[in-house]
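Chemist: Listed below are the residues making up each chain.
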Amino acid sequence: MSVTVPMDGPWLDEAAGRLIRPYTVSGGRTRPTAELDLMSLVMATGAASQMYFGPEHSEALGLCQGPTSVAEIAGHLRLPAVVTKILLSDLMDSGAVTVRPPHNFDNPSDCSLLEAVLDGLRRQL
Amino acid sequence: MAYDDSSDSFPTPFPTALKVLVAGGFGVGKTTFVGSVSEIAPLSTEELLTQVGAETDDLTGVELKTSTTVAMDFGRITLDERHVLYLFGTPGQERFWFMWDELCRGALGAIVLADTRRLENSFSAVDFFEQRGIGFVVAVNEFDGSFRYDPEEVRAAIDLRPDVPVVICDARIASSGIQTLVTLVQHLLTAVPGGPGQDDAVVQRDDGVPLDGQVSL
Ligand SMILES: Nc1nc2c(ncn2[C@@H]2O[C@H](COP(=O)(O)OP(=O)(O)OP(=O)(O)O)[C@@H](O)[C@H]2O)c(=O)[nH]1
Ligand SMILES: [Mg+2]
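These protein sequence lines are chains X and H, in that order.
The numbering of the first sequence is my numbering, which starts it at 1 and goes up by one.
The numbering of the second sequence is my numbering, which starts it at 126 and goes up by one.
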């Protein structure tokens, strides 16, 4: 790890965010069971879940009635991305949500995609 | 998986999610930019940092100690029924830039905001995207009372390659931000015929694609 952080004292300051105890919310699980990206789109299936979930799970489910990104759900829940991913992977495992991975723009010749973006942006003007 | 082509084969109602990064030095207007172009109220997404400052996707070991987070601005523009553009404002502090590597993955491109009073604060962001072959434009955010430079002066000061567009923008105004995004996508389109990345974009200037992203405003 090449990150240089002063180790000689507390490195928390106003630039770092608030302090949290994520372990409580994630029910003791330490990592998501599914690969989720910040831009993965999550949507509630409407299927009634057999599993018991905590209030954060219900809140997360309520936030993705339409396709919603993991980043957006995390922002609304005010929970770190990793904790949100754990909650969402629980919901996936129970069948309460489906997920679509993001489009990785690693095909630079994808002209039609860029043109769709351009058209969409111009409509905003 | 080299290329996620699920955009066409994946059943509706999921749109294709795309992203653009908004980068630049400390206090240059990233949060303002993302907030003004976004259709949703400004949100920030937090990543968890371990004590050593690395981003983590694993809570092992953090359960007993309090952890800290770093926030990224987050915004959304629905382009059409099938495409949604997400904007991520990267953390201004260089010590958090290790996070950009993940953010960069799969990004369409980037906007580097620059403040003419502190142009040197944008150098590292420019280097960062150049090194990774990520297409970007430089947007000069004109703060009140700052000296007005024209885009070519800024280009010379940052030592930018001639193919990288420089535009003037006001991060507080939505249409100005959108116009900057338009310039970015036009720039990305000019680089399309030659192959991967922006590296040979200069020699593609004769391919007939108008470089109208490079207008001096
Ligand atoms: N005059 C003027 N002020 C601006 C402009 N853009 C941002 N500001 C102001 O500059 C200040 C900093 O803007 P931010 O958007 O918070 O900058 P930032 O890059 O997110 O800052 P950090 O996240 O701390 O690195 C705020 O008070 C903004 O209101 C602009 O285009 N013109
Ligand atoms: Mg900010």
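I should point out that these hints are in silico values taken from the structure, not numbers from a laboratory.
For clarity, every value in this text was computed on a predicted model and none was experimentally measured.
Here a beta-carbon is modelled for each residue, glycine too, at the ideal position from N, C-alpha and C.
Honestly, I wouldn't trust all of these hints.
Stated by the list, open to error - Quick list of simulated restraints, FRET-style, between CB atoms:
#  : chain 1 : residue 1 : chain 2 : residue 2 : range
1  : X       : Ser112    : H       : Thr203    : 12 to 20 Å
2  : X       : Gly54     : H       : Gln218    : 27 to 35 Å
3  : X       : Arg123    : H       : Arg286    : 46 to 54 Å
4  : X       : Gly54     : H       : Arg273    : 19 to 27 Å
5  : H       : Phe248    : X       : Met51     : 44 to 52 Å
6  : H       : Asp205    : X       : Asp106    : 43 to 51 Å
7  : H       : Ile165    : X       : Gly95     : 44 to 52 Å
8  : X       : Thr45     : H       : Phe272    : 40 to 48 Å
9  : X       : Thr33     : H       : Phe272    : 53 to 61 Å
10 : X       : Met43     : H       : Arg297    : 48 to 56 Å
Stated by the list, open to error - Computed footprint of chain H on chain X, listed as stretches where at least three residues anywhere in the stretch have a Cβ under 8 Å from a Cβ of chain H:
#  : stretch
11 : 39–48
12 : 58–69
Stated by the list, open to error - Some but not every residue of chain H turned toward chain X, in silico, with C-beta under 10 Å:
#  : residue
13 : Pro140
14 : Thr141
15 : Leu244
16 : Val279
17 : Ser300
Chemist: Against this structure, judge whether each hint is valid.
Modeler: Right, here's what the structure says about each hint:
no., hint, verdict
1, X:Ser112 with H:Thr203: 12 to 20 Å, "holds (18 Å)"
2, X:Gly54 with H:Gln218: 27 to 35 Å, "holds (33 Å)"
3, X:Arg123 with H:Arg286: 46 to 54 Å, "violated (31 Å)"
4, X:Gly54 with H:Arg273: 19 to 27 Å, "violated (54 Å)"
5, H:Phe248 with X:Met51: 44 to 52 Å, "holds (51 Å)"
6, H:Asp205 with X:Asp106: 43 to 51 Å, "violated (22 Å)"
7, H:Ile165 with X:Gly95: 44 to 52 Å, "violated (28 Å)"
8, X:Thr45 with H:Phe272: 40 to 48 Å, "violated (56 Å)"
9, X:Thr33 with H:Phe272: 53 to 61 Å, "holds (54 Å)"
10, X:Met43 with H:Arg297: 48 to 56 Å, "violated (34 Å)"
11, 39–48, "holds (count 4)"
12, 58–69, "holds (count 3)"
13, Pro140, "holds (6 Å)"
14, Thr141, "holds (5 Å)"
15, Leu244, "violated (22 Å)"
16, Val279, "violated (23 Å)"
17, Ser300, "holds (6 Å)"
The earlier numbered hints that this structure contradicts are 3, 4, 6, 7, 8, 10, 15 and 16.
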